[in-house]
Each structure stands twice: as structure tokens, then as C-alpha cells.
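Colleague: Chains as they are written, first to last, in numbering that gives the first Met the number 0: chain P, 0 to 547; chain U, 0 to 318; chain W, 0 to 523; chain F, 0 to 262.
Keep in mind the hints are simulated off the structure, nothing from the lab.
Ideal placement from N, C-alpha and C gives every residue a C-beta, glycine not left out.
Check before you lean on any hint, since a few could be wrong.
Covered stretches of chain F, as calculated for chain W (at least 3 residues, CB under 8 Å) [stated by the list, open to error]:
| no. | region |
| --- | --- |
| 1 | 42-55 |
| 2 | 209-217 |
If the Cβ cut is set under 10 Å, some of the chain F residues that face chain U in the computed set are [unchecked claim]:
| no. | residue |
| --- | --- |
| 3 | Thr100 |
| 4 | Val103 |
| 5 | Leu108 |
| 6 | Pro111 |
| 7 | Thr112 |
| 8 | Ile117 |
| 9 | Leu119 |
| 10 | Ser194 |
| 11 | Ala202 |
| 12 | Phe205 |
| 13 | Ala235 |
| 14 | Val242 |
| 15 | Leu243 |
| 16 | Leu245 |
| 17 | Gly248 |
Now the in silico label distances, taken between C-beta atoms and shown as ranges [said to hold, decoys possible]:
| no. | chain 1 | residue 1 | chain 2 | residue 2 | range |
| --- | --- | --- | --- | --- | --- |
| 18 | F | Gly41 | W | Asp354 | 37 to 43 Å |
| 19 | P | Arg424 | F | Trp47 | 49 to 55 Å |
| 20 | F | Pro179 | U | Asp57 | 54 to 60 Å |
| 21 | F | Trp47 | W | Asp348 | 32 to 38 Å |
| 22 | U | Ser10 | F | Ser169 | 21 to 27 Å |
| 23 | U | Leu149 | W | Asp221 | 41 to 47 Å |
| 24 | F | Pro179 | P | Glu533 | 37 to 43 Å |
| 25 | F | Ser152 | P | Arg424 | 14 to 20 Å |
| 26 | U | Ser10 | F | Pro179 | 28 to 34 Å |
| 27 | F | Ser169 | P | Ser352 | 19 to 25 Å |
| 28 | W | Gly391 | F | Gly41 | 46 to 52 Å |
| 29 | P | Ser42 | F | Val21 | 52 to 58 Å |
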Amino acid sequence: MTETSDLLQVDHLAISFAHPRPAVNDISLSIVEGEVLALVGESGSGKSMTARAVLGLLPPGARASGSIRFRGEEVLGLPEDQLARLRGRRIAMVFQEPQTALNPVRTVGWQIREVLRAHGRISAAAARKRAVELLEEVEIPEPERRIGHYPHQLSGGQKQRVVLALALANEPELLLADEPTTALDVTVQAEILALLRRIRDRTGTSILLITHNMGVVAEIADRVVVLRQGDVVETGTTREVFGAPQHAYTRQLLDSVLSLPAAGDFVHPVPAPEPPQEAPALRFDSVFVEYGSSRRGRAFPAVQGVSLDVAPGEVLGLVGESGSGKTTLGRLAAGLVPLAGGSVHVHGEDLFSSSPARRRELGRDLAFVHQDPEASLDPRMSVGASIREPLDIHRVGTPASRRARVAELLEAVRLPADVARRRPRELSGGQRQRIAMARALVLGPQLMIADEPTSALDVSVQADVLALFGELQQQFGFACIFISHDLAVVNSVADRVAVLRNGELVESGPVAQVFGSPSHPYTQRLLAAVPAAEPKEPKEPRPAHLAS
Amino acid sequence: MLSYLLRRVPSALGVLFVASFLIFLMLRLIPGDPVDALAGQDATDESRQAIREELGLDEPFWSQYLSWIGGLFRLDLGQSYRIGGSVRELLANGALNTVVLAVTALLIAVTLALVTSLVAVIRDSRWLNAMLAGLNTLGLALPTFASGLLLVLLFAVVFPLLPSGGTPPDGYLARPDITVQYLLLPAICLALPVWAGLTRFLTESLRSQMRQPYVTTARAAGVSRRRLVIRHALPNALPSTVTVLGIQVGTLLGGAVLVEQIFTWPGLGSLIESAISGRDYPVVQVLLLLSVAVFVITQLLTDVLQAWLDPRIRIGGAR
Amino acid sequence: MTAVTPPRPFARLRLLAIAVALCLMSACTSAVGEQNDRGSTGDPVDGGTLRVAAKTDLIPKSVFGQSSDGGNALIGLVYDSLVEYPHDSLEPRPALATSWKVAPDGRSIHLELRDDVTFHDGKPFTSEDVKFSIQTIADPAWSVQLQRTAAAVTGFDTSDPHAITLKFDRPLSNILDLLDIVPIIDEDTFDQVKAGTGYNGTGAFRFAGWKPNSELTFDRFDDYWGGKPHLDGVDVKIVPDPQAQASGLRSGQYDLLLGTTARDAETFGKDKKYAVLDFEGATQQTYVGFNLDNPDLKDVKLRQAVAYAVDRERILDEVYRGKGIAQNLSWSPSSPAYDEAAAHHYDRDTAKAKDLAAQVGKVPTLPLQYIAGDPTAEAVAQIVQANLADIGITVDLQPVEYAQMYQRLVGADFDGLWIFGHTYAQYTPATLPVSAYPFNAEHNASNFLSDQYAEHADAAWGAPDPDGDVAEDAYAALNADMIDNVWLTDLVTFWPRIVTSSSVHGIDYTKRTELILRDAWKDQ
Amino acid sequence: MMRPKAWVGLGLVGFVVLLGIVGPWLAPYGPIDQIEGANLVGPSSAHWLGTDEVNRDVLSRTLSGIRIDLLVVFLAVPVGAAVGVLVGLVTSWWNVTDVITQRVFDVVLAFPTLIFAIALSAFIGPGVWTIALVIVSLEVPVFGRLVRTSVRSVREMPYVEAAQVTGAGSWWVLRRHVLPNSLEPLTVQLAVSMSVAVFIEAAMSFLGIGVQAPHPSLGSLIKDGTTLMYDAPFLALGPLALVLALVLGLLLISQSLSEAHRD
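My request is simple: use the sequences and hints to build the entire structure.
Modeller: Dropping the structure here:
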């Protein structure tokens, strides 16, 4: 099965650690020149470790066996100095998190020069010239000016472009891209994917793309390798895999991808929920929020004049890209950030002008679910104590009745009762998010604010949690602000949706209406940028957007 | 950058003012009247009163305090009760010796800490790490006076290579080679705990920087380990190390009290001891305030240095 | 195009390290070696600087009063006195005065002065300087213990610049003590004395500089009337820690130590490389004092019990290494007032002590104050504490810094018991009860006031001849006062010991423990 | 799972503590008993560590001296730490009290420890309680600051926000979330502070402002030994070894705690 034209050939790669930890069992794959190969899998599938093994970048304590050949030569187990000659020069790598992948105290130009110098002497002038070229190549405007900038002066998209420039600096034959767009907003993600494709087309560099996002795969990959817990599940061209998945796991992955309504799906407006009989669960009346201290003259607006209603029992999706103010709006509803203008009414009561005691009382009807499952539970408290805490705060019932309520809630979020005695760190991310939801619901709140509750989860887990959320919402009938950057997620859970941009409301309305026939150009662009989970025919590149 | 500095100045001044008041108040509460020590057994009430007036001790507390503070601004630190000369001149000599000692110790500590932690992280060999960790812990665990006496015993008495104490006889500049020999033992003694603390912190923070994604990025681009440590990780580890260094500098003056005693180094440490025991208020209060000022200024400098080393603070977040 | 060479930081560091090492090994001279390699020829040679380590620094405001090593060195080197006592007797020798005669009524003294003496600044020495010097000492501001004696000199006849007649308002048996002790100072430059900036004397060395807490430096005075000194100069370094002094001598940094402990001196004495000089005659005393203002100490039986309880022999043997005399009296053995029987009246007798203590009844815990940070004082205090524990008296040790200790002595406000040293016992006996703080009959550190004692002190002071019968009677009465009243009890009479490197010769000293270095020399 | 480092540290500290507890019963003599004729004799079967210049058995004094250090380490430090934690916890929640307290801490921390100790001993006299007071006043701001850092970071944690949204008050959050989550850095600091306390005791005794004669502490025994460095070099060895063991043990414990905390 060995083909001589293979650029990279991985055979029976196995990676193990001294202590139990997700590892690689048996992975074989190959890339030919000029090809984009997608390595797909959920967390723990071993996709990142495989890529790191190619460059000898495994964490300390990892042992790899099998074979990795680059242009027919074995690279696994090469000494550090020989690997250093390979790295960057012939095989380069791009990492997931552009925020941390660049040295924060060095300029962009310095970092590019440093990478160039790693593979031979180069004069300062030549290095500068090459740096400008590279920044042009990754489509960063004003490259002459940008090379003097520090990473923190660049946007997330620009940073990822710089990381790409670093990888391309020494014209490698193979580019390993480890989730290069996961941390980016959808519109930026679309631009970076387009850029990757153009680079491949222009330079013939092969790309090994590691991702969990089937949409991204469909968008760019020629072939796909599906991994699951360290083993290859399925290999094939993108068309084959998407069209006729052979393995049940591949099918499951594809099924759990949420989709948006196709353009024009919306024809008849769904009858709007009956006009509210009672006061809205939450009302924003042209609210303003500022960050920073106005006293020091460095306040900047985070939310500007947003007015929104959430009816009782209604789920309002709040979407927007980073910096749009969606999280701030959610925190405002919870009373966690100070109000700079306008008013917030919870069940008709003005939240910010009520007394602290009254606000604590209002808290009984309010719940907050945070994005990060790592941090949303107190690591020092048992799961049961965490769920019980709101009952303890408001001294609801007897200890026995509180325990009973905890058991009830655990059942509602479909977790075994004995979980109550465990500590958060013993649980998976999905389980922790369920517990966070159970805690949020323990007092039977009227309003829940859910800030990206599923964004840190794997797709299949996300699908389960969203399904559970839907059921719980049915069962408990609370109103909810559901914040997400993922339009498909909002599509699957929300009744209505509000689109935010730079702290302002762009448009709002029933989900089917906004997503089906968006009226605002920004909403349209947002929707267009979402990669569809089906392979496309090769087509001419989309107009390149300016880097954000 | 400048505004960053300016924002810190008021709180530093506040600390100094509060400290000056506390010092002044505390010294007045200490039992023992300086006039007793000066007047003698055959003193009459009149002569005691004359001394009292001469020293300004007959004035009310507040006016004494204000005239002291006022004098400080004119660099008039007052007159020593016991020695008789102006406090400023008295301090100048001691301060020079202490500064020379402390700065040398600091240079030794910082240089050695940089070298040892860089070598440790670059080589990353098991036995080297174990050896350095052992030395390090010993440096932290050995009390200053014990290490000082050991140094004297070893290098001055058993093997008489270096002087056992004192300052160079002809001043610091006349014979630099002699000066080095006089400075070596006390400076090493004072530097030892600073070196140990600094090395431990810097090594840890270099190691944690080496685990950062940006290092992986550079490594994946083929940058050698030595360059990764020195050119990439070090500049990132420095800002926080500077803070630790700032705290260490603050403790140097306290350590100097011991080292100066062991090596009969006539600096501020020995001056403050004799001044406190002699109830020489004008000297004591200036010395105490000086030690607070050193601390406050060091903190200010560390803040500035840290900001300067970190472009995120230096240049600010504006895109 | 400039090629960029990657820097090699370790290479640079290595170079630097090698450079430093090379410098240390070859090019530079050793600060230690330079001072050690010297051979001795046995004959006096000129040149060299004597490096002295002193425990305590000069205090300009009390340079003539509170004794300190630095101040003593200054007085001994820079100033001369009119007469000089030899170490072992009270028969004075001429110094700045060539001859003297006390009037038959004991109320005046006439002195002939040298006419070839100049101060360091070139000013000739005259009788006016004598007058100014004595008047200065009489000024209470200097807190000199001999102030009372100096103040009794009321008339000065300075008509002859090279002779002076001093008149007294009462007979002064200890006038020669005063003339031995008073340094002859210069009025014109006197402002500098209090500020510590200048000391203009007639002595063998001129004051060159003072760095507080650090060092005093002196240069040879070529025009010294006693002949040019051998040494080029003297450096007195302030080294408070006896341990550091010992280390410094061993490592060759000092030639002479003023502050060794008895035990260090003993150790050095066994080593040929060092010499130990006993300042015999310049005796000092360590004593236990009682503040009678403390109600617990009012009862003389208790004080007597303490005097019987203390183990003087042990203190002498273990702390002072046998160099001295264990006695309860306050005189040097050479003093005319010394009485062998009285000196051993309170030899250790635990039974008597217990008996006396029992008569007093329950004694509360007594505070015992001593010099903080002085190993000798601390050892003595602990032995005394243990001795008193043996007779059922509990003592609480309270270390007090030297300066505070001195202040309490002057102000007579110790809390209870204290251990300190006194001197002046080697002088004319009258000097002690008239001038020394612990004994001064008018007001002393113990707050012991007795008309009888004052009378006896006065009698000794006024005796025409310090060795005469009148004086002898007064001394006997004083001894009886001391034994009966025990406001303090002496522990040990000892003499200071200094340690030098064996390359130093010709060291001399005054009865007041001031160094005399006019004939000292150092092997080159 | 415990690291070997932690075991060694615990072993060293435990050894010293055990000696301090049972030592006085094992000691052949009383700590201040003066033995006739035994003036500064070297180590022998009668006096394992020799005798000092006033004829006391150094072994007995060392065993008794440990107790002073144990008092300082296990009483003064925890008291200072407790006060500091309480003050830091309470004041750092509200901005006004926080600013005031932090300024006060700034001032206290601005004095070098030993200089502060010298000044304080001039004020209240030397002794064990002076050492304890120096340590307490040093540790209060140290722990106050540490807790403040924890409060500031924990109060931003999502689980705290979740509780606050539900209606939890400041006290609730401080007690239920902030304090428990600050404990780890506090235990590390506690071990570090304890080792510093041993240093402070030793340094103060060395300067003569610590434990006063005739009572022994490890620091004063080392000082006594060093003043007789040439005549009786054996005197300081025993106490010095114990100080090293105690400090080393505490440092190892703190290091392994912070390593465990980091992993």
C-alpha cells in the first residue's frame, strides 16, 4: 500500500503515556503532494498527538512507536538537532489558539526573522523584506507597519494570519494545521479557510488539517481520515465520506452536526406566541453598558441602546461575534455588570433600582449557566452541595427535602444519584454542564441566562446537552436568554433570535424568519460564512474580506 | 508609560507619609529620655532644660514633626544627639558602604541566577537539576549568619585567602583588585539567599514559559532549544521575575544588618543598631524612613521596569 | 549587507569568568598576603601603620567622659597630660609639666611647664591651655567623672606662660590624679571637638579623620617633643564583635585588638604568632550594684546575703581565665586603701548567705541588668544568677545596651541589681568616693546616701598626704562603710589584656587604659 | 499520592517536633543547670554536645531550646496567619476597606523585618514575646495580601457569579467559596512563613534581641556557639543542624505543596 509519491506516510503509529491519558492506538495515513487531508475526531481521538508526533513535539513522557516517513525517510525517533532542521523548513505547523501561539513580548517582524534565522543566516534587511512579503502573502494590510506591532495589537484573525506566515516563512512542503480556525469567529474562519486554500493552490504545499468541525472539512478537504479514541475509523475522499459514510461513528458525527434553515426556507411566518398576558420575564429598555472607568476617561461602550423583551417561557437566542456585547447583555440581565443607561425589568420589576435585599430575593427566580464547564462549579464542593447551594442560600425546606430536590434534579438532567457525592473534577465536561443546569433549575427559576453553555463541548456531547436543554425548558417552562456564537445551536433551541454587532442590536425576530430570510446585510454575511456540513463543488474563491 | 508611572506615585508618597508619621510617633513612645544620656550625673535642671531646648525637644509633638518633615524636604536631616555631626554626613558614609555592598550582592545574585537557571533549563539534565535544586534549597535554608561565619572560617581563617571583614583601607576606587577581595565574602553571603530565591523562581517560570504555545510555535519552526530559552522564554519570564527581585531588594537592607555585623562592614545596618540603642532619634527616624523609602522606590522601579519589559503594558492595548 | 551572527551568550560569560579568575589569581595582589609576609629583625624600625581593632566608637559629645575604645585611643594618641603615673605606683612622672610642688596647706599646686611643646597646628603650648583644659573638664556638660575634682580648682595663675599655679577651694589629695587624667586641649580649635571634626593636641600622633562607626585615623606628629614616633600612623577600626576582631587578627587584617574576650586572649597567648599584653596597674573592676530605691533592696541583710553568695573565684577562673583577683573590696591591690582582710570579708559562704536571706524573709524576683551583647557580662550575670538561686533568690536577667546601661548608671535608675565595671580604683583612693559614679558620696548610682560615708570621703579627699596617717584612717573608715552597707559588692579586679600580632613591639598604656604608641614599632 | 520530597520534609520537621516534645524528658540535665567543674568541655559520653562557658550541658539546652522555635513556628505564625486571613478576607471584599488595608499593609511590609525587629525590641524590650510579636506583625500583611489575591480571583469565578445571581450575599460567598478555594496557596505560604520564622528567631537571637539568657533557643545557642568559634567549635553544631533540619523540612513541604498545587 506504500506509494512512492506519498509526501508523508504514517504507519501503525501508537503513542502511550506513563499514566492513563488519551493516547494513540494504531493510526495509519498518508498524504500526497498538494493534497488537503482532514483528520477528524472529537477530543481524545488522538488527532493532535498524531500531528505533533510528525514533528517530534510530543509532550515529555510520551512514547511513540510505529513509523512516520517523510518523503520516504523515517522521522520518528530522530534526534532533536535533525528534527530542528526538518521543523519549519520542510514541515511546518499551525496551532489552534492564535491568542497564545505568538510570543507576546516580541514584534511580529522579530518573530518572522527569528524563524528565518533558524534555518540559516540572513541579513536584517533581507529578513525584513521577506517578512513584508510573507505578511502580504497572508493578506495582512499595511505589512510594513504591522511588522513593528506586538501580538496584542492585532486582532484574532490577524494573529492567526501571522502564525500562518511564520509557518510559511521557510516554504515548507507540508503544513500541519491543528484546528486553525476553531478559536475564531465564523466570518474570520471563512476567510482563513479561503486563505489556506489559496496558499495550497499557489504553492502546492500539502496540508494536514486537524479539526472537529465537519463543516470545515466539507469546505476545504480533499480526503478525510476519521479518528476515534486513537484508532482510524474511516478513510476516504470527502465526497465518499459525506455521501456514504461507512462507519456508524462517522454517521453519528455527521448527524450531530446542526444545520441552519436553507435560504428561502422561511415562507410562512410561524404564528407568533400569543401577545404576552403578563409582564415580560425580562425587558431591556434601551440599555447601555460601559467598560472601564469613566473617571479615568477610558470607558468604552459595550452595549449601546439595546431594547429587547423576553416573554415568559420563551427562549431568546442572542448571537453575534466576539465583541458584539452578547455576553455583556446576558451578564447585565443577571445584575453582574453595572448599568450605564436605560433600565432592566425582571418580571416587571426594575432590577437596578431595587434594594440589595430585594435583588437577592429576585435572585430566586434567576439562574445563570456559564460557558466554561471547568470553572462553573466550585472545585471544593461536592456536586450535591453545588446543586443544593441556592436552596441553602434561601433556606428553602429541610435538609432532607433539599437532598430530595437534588436527587430529583439529578434525575432530570439524567445523571445517576450517586454523582451527588463526587467532586466536579471527576466528571466530564458534558456532565459538569448538566450539573450546572441542575443547579440553575433547583429553585425553579422563571428566567435562565445561559452563556454559551455548549461551546466548550464536543459535537456529539453538545447535541445531547442541547436536547436535554430543550426537554428541561419544556418541563420547567422558564424563559431563557441563550447566548451563542454558533448560529446552528441557536437555531436548534431558540424561539426568537437577536443579532448583535458592536454592542448594537442588528435585528431580532423569530428564528426561522431571521435565519431564513435575513433582512440585515450583516446577518446575511454571518449566515453565509457558516460552513455547511456538505462538500461543495470546487468553485471560484469567494471575495476576500478585509482582515478584521 | 509615563501616565502608568504617575498613577503609582501618589500611593507611594502616601505610604511614605504614613510611615514617617508612624516612625516619629513610635520613637517618641519608646521609654528613655535622650536628655538623660546627654546631661550626665552632675547635670542641673537648668543644664537639662538647655539641652532640651537646644534639641527642640521642648516643642509640642506636632511642631517637632512638621519641622522634621520640613527639614527633610530641604535635605536637612537634623543633628545627631550622640555623635554631634549632621545626620546627613553621618549617613553618607554608612549609606555608601551599604549601597556598595548591596549592589554588589545584587549583581552577583542576579548574574548567577540568570546563568544557573538558563543553564538548568537549556541543559535540562536530571542530575544537574537535582544538584541545582539541592544547592538552591541549601541557599534558602542556611541562615545568613551561619553561612557568613562559615565563609569567614573557610576563606579567611583556615585558608587565609580573603579578608575576614571590613572595607578596603584606601577606599573603593584606589585599588579595584583589593576592593574586590574585601567585597567578595560579605557580598556572597548577602547574595546567597537572593540568588537561591531568584533562581528557583526564574527556573520555574522559564519552565512554565517553555510549556507555552508560543514556544511550541517557535519550536515547530525549527528554533533551537538554546534560542527558545534565551530569546523567547526569557523575555517573557523577566517581568514577573523583576517583581520577585523587587521584593528581594526590599529584604536586602534587613539582611545587611546581619552581614554588616559579621563582616564588620560599617554600613547603615550597624549604624541603625547603635543609633537605636543610643536613643539617637534623629538618626533612627531618618534611617527607618530611608529603609521604607528604599522599599517604596524599589517597588516603583519594579513596576516601571516590569511595564517596560512587557509591551502589553508599555504600548497599551490600542490596536 | 550586514550579516547577523546569532549571539553566543555562554561564550561571552565564559570569557568573563576566565578573565575574573585570571585577575584574581595573578594580576592582583592579595589583600591578605600583602599584610602577612613580614620578617622580624628585633630592632626598632620606622614606618608602617598600626591597625587597631576597637570595640566601641568615639562619641564626640562625651569624648572626655564616657569611655570608649575609640575615645580612649584618641585621648592617648593625640593628647598629653601634665604628669603621668607609672602603671604600678602613684608616684607621678613629668610629662608636659617638668616639676610641681603642692603648697603646705594643700590648697594650691605650682607646676613648671615645658617650653618646647607645640600643638599639632603649630601653636605653642602655654599655661593658658592648662587653665582651659581643667575648666573644660569642670563643665558638667561633659559628664566627666572627675568633674567634682576639677571644679574644686578655682584659681589659675597664668602670668608665666611656662608655669602655672592652681588654687583649690579645699584641700585636694587627688590633685595629681586630675593632672594625670586631664588631656591638654586647645581652646582655639575647641569647636571641632564636639563636632568630631578635629582634635588638636600635643601628642605623638595627630588626628587625621573619623568615619563614625567605621574608623579613626591618626598620622605621626614629626615635631613631637618626646621624639619622632616610629609608626607612620595608626588606624583604629571599629569592630564591635569580639569574634570578628579575633577573625581579623587571624586573617592578618589587624595588628592589635582592644576588645578580645579573656578566653580569646588565652587562646591567642598559646600561639607564638601573637602576643598578649596585660595592662597591669590599669586595673578594672566588675561589680554587682544594688539600687536602694528598689524597696526590695532596702534591707542591708539581703545585700550582704548576695555578697556572701556570689562565687568570685569561679567568675575569676572561668570568665576571666584567672587573670585578676577575686575580692569584694573596690580597690586595686596597689592602692593605699587596699586591705587584704576586708577584701575577703565576703568570701563565698553559702550558709551565711542563706541565713541572712532567711532573715529577710520572702524575696520577690529581682531584676538584674547587664550589658547586652557582651559575652563576658552575660557569663558573669548567669553565674551570679545561679549563685543566687542557690540561696533561694530568683533573679531575672535583663540585658541592656551599653549606652542605656551607662545612662542608667549616670541617672541612678537601674531597676534592681546590675552588673557593670568601674575603674578609678587604681588612683588615689579619694578619687573613687568623690568622683566615680558608683561611689560618689554626694549622689551615686545606688542612691546610697549616708552622712557618715560622705564624711569619710571628704576626710580622704582633704587628707594632706594620700599615704599619710590621716588618709589611712579615712580609708579604713571607707572600707568599713563599704563592708557594712554593701550598696555594691565587687566581684573581680582584673586588668585589661590586649592581643597583638607578634610583629608589633613597644606598646605602652596609661593607667586609664589609653594606648601609648610613641615608642611602638612594627616589623617591616 | 505523596512525593518523596514531602515525606523527607515531614520526616525532618516531625523529628525536630518530636525532639522538642519529648526532649526535656530525655535531657540529662536541666537547661540552665550549671555543672560544677564542667567548663567548656568537648563532646564526651557525659556531655554529648559538650558544655558551654557557664558549665551547662549543651545537649540539654538544645533539647529545651527547640521548644522556643516550636512556639514561634507553630503558634506565632498560625496566629499571624489567622489574623491576616481574617482581615484580608473581610476587607478586600469592599473597595474602600480594601484600599485602606492594603496601604497599611504596604507600610508594615515596607520595613525590613530585622530593622523592624530591632526597633520593636527597643520599644518593648527583647524576649520571646518580642520575637512572637515581630512574626505576627510580619505575617498579618503577608497573609492578608495573599488572601486578597485569592478573593480578587475567586470572586470572578463563574461559580461565584452563579451563586451571586441566585442571591448569595458577600458573607456567604466569602465563607463558602472564597475561603475554601484560598486554602491551597495559604498552606504553601504557611510552610514558607514557618521557615522564615525560624530564621527570624535565629537572627534576632543572634543580634541579641531575641530569647534572653539564661534560657536557650536554637538561635541563641548558635550565637553562643559562634562567639566561641575558635575555642569550642562543637558548641554550635547541634543547634545549627536542628535549625537546618527544621527550615529544610518546612521548605521541602512548601515546595511539594506548591508542586502538588500546580499539577
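Colleague: Indicate, hint by hint, whether the structure satisfies it.
Modeller: Cross-check of the supplied hints:
1. 42-55: Since 3 is at least three, the answer is holds.
2. 209-217: Coverage by chain W holds for the region 209-217 of chain F (3 residues, Cβ < 8 Å).
3. Thr100: 13 Å, violated
4. Val103: Because about 8 Å separates Val103 of chain F from the closest Cβ in chain U, which is inside the 10 Å limit, the hint holds.
5. Leu108: 8 Å, holds
6. Pro111: The hint holds - Pro111 of chain F has a Cβ within 10 Å of chain U, the shortest such distance being about 3 Å.
7. Thr112: Since chain U brings a Cβ to about 5 Å from Thr112 of chain F, closer than 10 Å, the hint holds.
8. Ile117: 6 Å, holds
9. Leu119: At about 9 Å, which falls below the 10 Å cut-off, the nearest Cβ of chain U leaves the hint on Leu119 of chain F intact, so it holds.
10. Ser194: Because about 7 Å separates Ser194 of chain F from the closest Cβ in chain U, which is inside the 10 Å limit, the hint holds.
11. Ala202: 6 Å, holds
12. Phe205: 5 Å, holds
13. Ala235: 8 Å, holds
14. Val242: At about 6 Å, which falls below the 10 Å cut-off, the nearest Cβ of chain U leaves the hint on Val242 of chain F intact, so it holds.
15. Leu243: 6 Å, holds
16. Leu245: 9 Å, holds
17. Gly248: Result: holds, 9 Å to nearest chain U Cβ.
18. F:Gly41 to W:Asp354: 37 to 43 Å: At 39 Å between Cβs, range holds.
19. P:Arg424 to F:Trp47: 49 to 55 Å: 51 Å, holds
20. F:Pro179 to U:Asp57: 54 to 60 Å: 58 Å, holds
21. F:Trp47 to W:Asp348: 32 to 38 Å: 35 Å, holds
22. U:Ser10 to F:Ser169: 21 to 27 Å: 25 Å, holds
23. U:Leu149 to W:Asp221: 41 to 47 Å: 46 Å, holds
24. F:Pro179 to P:Glu533: 37 to 43 Å: For Pro179 of chain F and Glu533 of chain P the Cβ distance comes to about 50 Å; the hint is violated.
25. F:Ser152 to P:Arg424: 14 to 20 Å: 18 Å, holds
26. U:Ser10 to F:Pro179: 28 to 34 Å: Once the Cβ atoms are compared, 31 Å apart, the range 28 to 34 Å for Pro179 of chain F and Ser10 of chain U holds.
27. F:Ser169 to P:Ser352: 19 to 25 Å: 20 Å, holds
28. W:Gly391 to F:Gly41: 46 to 52 Å: For Gly391 of chain W and Gly41 of chain F the Cβ distance comes to about 34 Å; the hint is violated.
29. P:Ser42 to F:Val21: 52 to 58 Å: 55 Å, holds
Going through the hint list in order, the structure does not satisfy hints 3, 24 and 28.
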